[in-house]
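Work from the hints to combine the two standalone chains into their complex.
Read top to bottom, the protein sequences are chains X and H. Here the first sequence stands for residues 1 to 144, numbered as in the numbering used here. Here the second sequence stands for residues 1 to 182, numbered as in the numbering used here.
Be aware that a few hints might be false.
[As the list claims (entries may be wrong)] Pairs of lysine-lysine, DSS-like flavour, derived with a Cα cap of 30 Å:
1. K99(X) <-> K83(X)
2. K178(H) <-> K33(H)
3. K62(H) <-> K33(H)
4. K178(H) <-> K83(X)
5. K33(H) <-> K169(H)
6. K33(H) <-> K99(X)
Because the hints were derived from the structure by calculation, they are not lab data.
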Amino acid sequence: MAALPALAAVLLVGAPLSTAWAVDPQAMSDPQLQARYEVLIHELRCVQCENNSLADSDAPIAADLRREIRGMLNAGESNQQIKDYLVSRYSEFILFRPKYSWRNAWLWVLPVLLLIIGGVIAVRVIQQRGALVDNEEDADVSRT
Amino acid sequence: MNPRFLLPLAVFVVMAVVLAVGINHSHEVGVLKSPLVGHQIPDWELPGLTDPAKSLGSRQLKGQWYVLNYWGAWCYACRVEHSTLLQVQQQGRVQIIGVDWVAGNPDENAAALDWLSRLGNPYSQVVTDRDGRTAIDLGIAQAPESLLVNPQGVIVYKEPGVITPEIWKREFLSRLPKPGAS
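Same shape as in the complex, but just chain H (with noise of 0.2 Å):
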């Protein structure tokens, strides 16, 4: 048989298995991956959101599992994942750190208290991100996106997203121990 027919067949072949490759790449489009993910989270200390002199950070948190969320009043998505955050603080499987990200908003500060005594708490603690510097070397692209860290300090997971009950189950929780295991 002529080998030219086989032409067509491979081009096909080789189109098939690019598409193919291509839509279960699909809901990835648009997700950032971070390069952080699997290593040492990079040094960060900032300021309380309620005490600029009271401040946190990674060094002070070593040997503790925590949830580092970024958000910001100026944030709609961070509203829809509010309501997620205040029911896995209500579980008490780990703590989460709010980041309140002032991205150049001149009344953030005021606007973030005001968020939290209004729709209700779910961090341990709340620190402020003046000028987005921890947020880039964090890899921190947009809000709401979280951090899981290990109790050694490194990033064992981000969502890059708004974190919802699934995800949480799925993502969160299968990563972290199990109560009463350690």
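Bound conformation, chain X alone (with noise of 0.2 Å):
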């Protein structure tokens, strides 16, 4: 029973690296190319389970483009030619962090800009709450 806590510990530990593992066959013979396939795999979406990453799915076209990932990988092809090839071929929704562009901008600017609105909003009517606060103890003190 004393291995119990110890196999325990091997799956917690092992189960964040075993992603990739339960996927594919083998791992990348070069581990640096193996820690970017590994990057790029959790990035881009699965095309046809789109709310999966390629790292997560079981789909045809996921092992299919694993594997074209893999390939061009060892063809020595950089992360950013590999994701450009991709949304060549599939639009950006293949990538999980949609890019800095003017025509994103709207989605990275609009969280801030309605945080500000929000908290414009919030200061004004807690000012103006308090304010009521204070004429109503104004009041009661004229009346005394």
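So, in structure tokens, the structure goes:
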């Protein structure tokens, strides 16, 4: 029974590392390429099952895409070249993290803008409430 | 009038517009718009299903209309589509080139041949995509998917799913030249 905690520990520690192993027959020979590969497949969307990344999808196209990405890495292509190629075929939809561009600017600006607007409204409401309370207190004081 | 009373109205109008746009586009949710539509089809060449030595590619098909149909014997939706493809082939308006997508299935080749002999063969030619490289290059995401390619080699339409008789009429026939016109 002493082996049980040890087994649990191994499983817990190993779990985050094992995502790519689960879907790929074997790791790439170059650990550096393997590391880049792991990052890429977590950043790219499975184009069939859209809420999964390539890393955790077992759709046929995901397997083919992972194989293609490994091939491109082995051929010495940069992460950017690989992403650009896939975007040219599947559109920006394949990127989990949208690019910074003027077309996408609203994606990045809008949340900040809404936060500022909300903040301004909140401050004003609080100030007004404060002013109301003050007036009431003044009124009470003047009556006595 | 205090312009503050207009604020809820303004918020309502903005929300109504955003939601209306969203609802209008809801049928496109989950449909990947291919950036390749309207552009030259990337050069492809694939070995034949029955005879791997006999390959077919975009170069040989220049000058002809064709539908490139990705399917696999592992794909249930392709079986649903199959009867429509047989009807299309009988109409004879355009040739359908079948691409058997192996997608890692060890016995796909035999299963595909068995499929065609049992269910009928709607394709003028069938090629096979073993490693999915051509699928990726053509922006294919799943099976079935079909591309309509014109004689200049431009992808004029992509159907990201099952072709039904209605879709065939609306999206494909409407883009093909009228019979006897050319």
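Hints versus structure:
no.: 1; hint: K99(X) <-> K83(X); verdict: holds, 11 Å
no.: 2; hint: K178(H) <-> K33(H); verdict: holds, 27 Å
no.: 3; hint: K62(H) <-> K33(H); verdict: holds, 24 Å
no.: 4; hint: K178(H) <-> K83(X); verdict: violated, 41 Å
no.: 5; hint: K33(H) <-> K169(H); verdict: holds, 20 Å
no.: 6; hint: K33(H) <-> K99(X); verdict: holds, 18 Å
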